[in-house]
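J.: Let the sequences and hints guide you as you build the complete structure.
There are 4 protein chains.
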Amino acid sequence: MDIKHYQEELARFAGERDWDQFHTPKNLSMALAREASELLEIFQWLTGEQSCAIAENSGEAARAAEEIADVLIYLLRLADKLNIDIEAAVVRKMALNAQKYPVALAKGNAEKYNRRKPRT
Amino acid sequence: MDIKHYQEELARFAGERDWDQFHTPKNLSMALAREASELLEIFQWLTGEQSCAIAENSGEAARAAEEIADVLIYLLRLADKLNIDIEAAVVRKMALNAQKYPVALAKGNAEKYNRRKPRT
Amino acid sequence: MDIKHYQEELARFAGERDWDQFHTPKNLSMALAREASELLEIFQWLTGEQSCAIAENSGEAARAAEEIADVLIYLLRLADKLNIDIEAAVVRKMALNAQKYPVALAKGNAEKYNRRKPRT
Amino acid sequence: MDIKHYQEELARFAGERDWDQFHTPKNLSMALAREASELLEIFQWLTGEQSCAIAENSGEAARAAEEIADVLIYLLRLADKLNIDIEAAVVRKMALNAQKYPVALAKGNAEKYNRRKPRT
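Residue numbers (our numbering), protein chains in the order written: chain Z, 1 to 120; chain G, 1 to 120; chain U, 1 to 120; chain P, 1 to 120.
Hints in this document: simulated from the structure, not taken from any laboratory.
Be aware that a few hints might be false.
To be verified - Computed spacing ranges between beta-carbons, pair by pair:
(1) G/Gln21 - Z/Glu56: 17 to 23 Å
(2) P/Leu105 - G/Val103: 47 to 53 Å
(3) U/Ile3 - P/Lys112: 25 to 31 Å
Said to hold, decoys possible - Computed list of lysine-lysine pairs in BS3-like fashion (alpha-carbon distance at most 25 Å, straight line):
(4) Z/Lys4 - G/Lys100
(5) P/Lys107 - U/Lys93
(6) G/Lys93 - G/Lys4
Where is the CB? At the ideal position from N, CA and C, for every residue including glycine.
T.: Have a look at this one:
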């Protein structure tokens, strides 16, 4: 996925509509959180298993795909406005996660690293 | 950005830690919304202008980059679990947005398409 | 619970700290969403049953109570800033919900009223 | 506001619809976060000043009141399911906030207490 290409398309789209005045990082963070919560709505009353089964339900999968796209669109736009290299940020964070969650401590255990009880 | 590559790395990371039991689409949607709200925390008391200035503040920009990475990591993982082609979803959504927000109606106007007042 | 009393206490607290400049409805909606997502963090990797068991775990219950308080504090503050009578709003919404979710249609069915499939 | 009364009404409403199966604390935290984000949608493209002016706009104020009610309804329900005394939690949290944000340090300064730079 050519991140830069989509960021340019989105910038052009906003520019044509005179929307840069609305697209501050602050406002984009609100729109992003809003779209992320649309995914909550899809899954909120389902069991974990039912949420997996959505992959086989073309209507619900299409709905989820649309919300995922909305989140990514605002994320690309926000990163662009903040001059953040989104792929480099992911690489850095994945390296950090490998340090915070070593297999020996994290196996079968989803506790946040800073809440993990010491093992003896 | 090679989406598939990162999805495979994330799947390997989760698999080694026996975390697939936790990574249902339902739970991932919660983690995603949680991380999106970390971005809200960065911007919540800032004005729009101050939020733009974060791009020049290396400490705050790094903090924002880390939260953006967290959101993207969970988004990649969720799309993977639902077999959603994230780039195709973005392309479809951008085409849909072009229809819902024609320049003539949307210029300088951030109203949601289904709340737009008719113009005469 | 004397809503007005707490709203006055919160207004006084903010006033003493010169925080009214930060407490616009926009900013308060961000802080509110942020605090709501702290509850997501508590529950995100738990099963539904495990989430119920938190009531018996004094540490986790206290953590949940603190986040619930944070949400309510921002909600009281936001309603105050918008001159919204929060109790009247709840009464109105509960009446509306009774109309949208009649027992005959909603029994055992958590679908949103506007997504409900017609029954024959 | 008689918190217990509303919690009993909501429990009755859910019971009649056989919705207790859906109302785990986990699921309620999702619904709560979802409703909180509806408030984000109202304010996301407004300036701080415009967000204040919503109090004078009866249509938008009614929309905000409905979303505030939705948040409170789920919050009451969640507290009930976790046996949390919501008023006592608010009292405790307000006392804690008074300690974390003493006027001398917090005046005109919205920084989170654990990010506050030392003053000399």
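J.: Of the numbered hints stated earlier in the document, which are not met by this structure?
T.: 5
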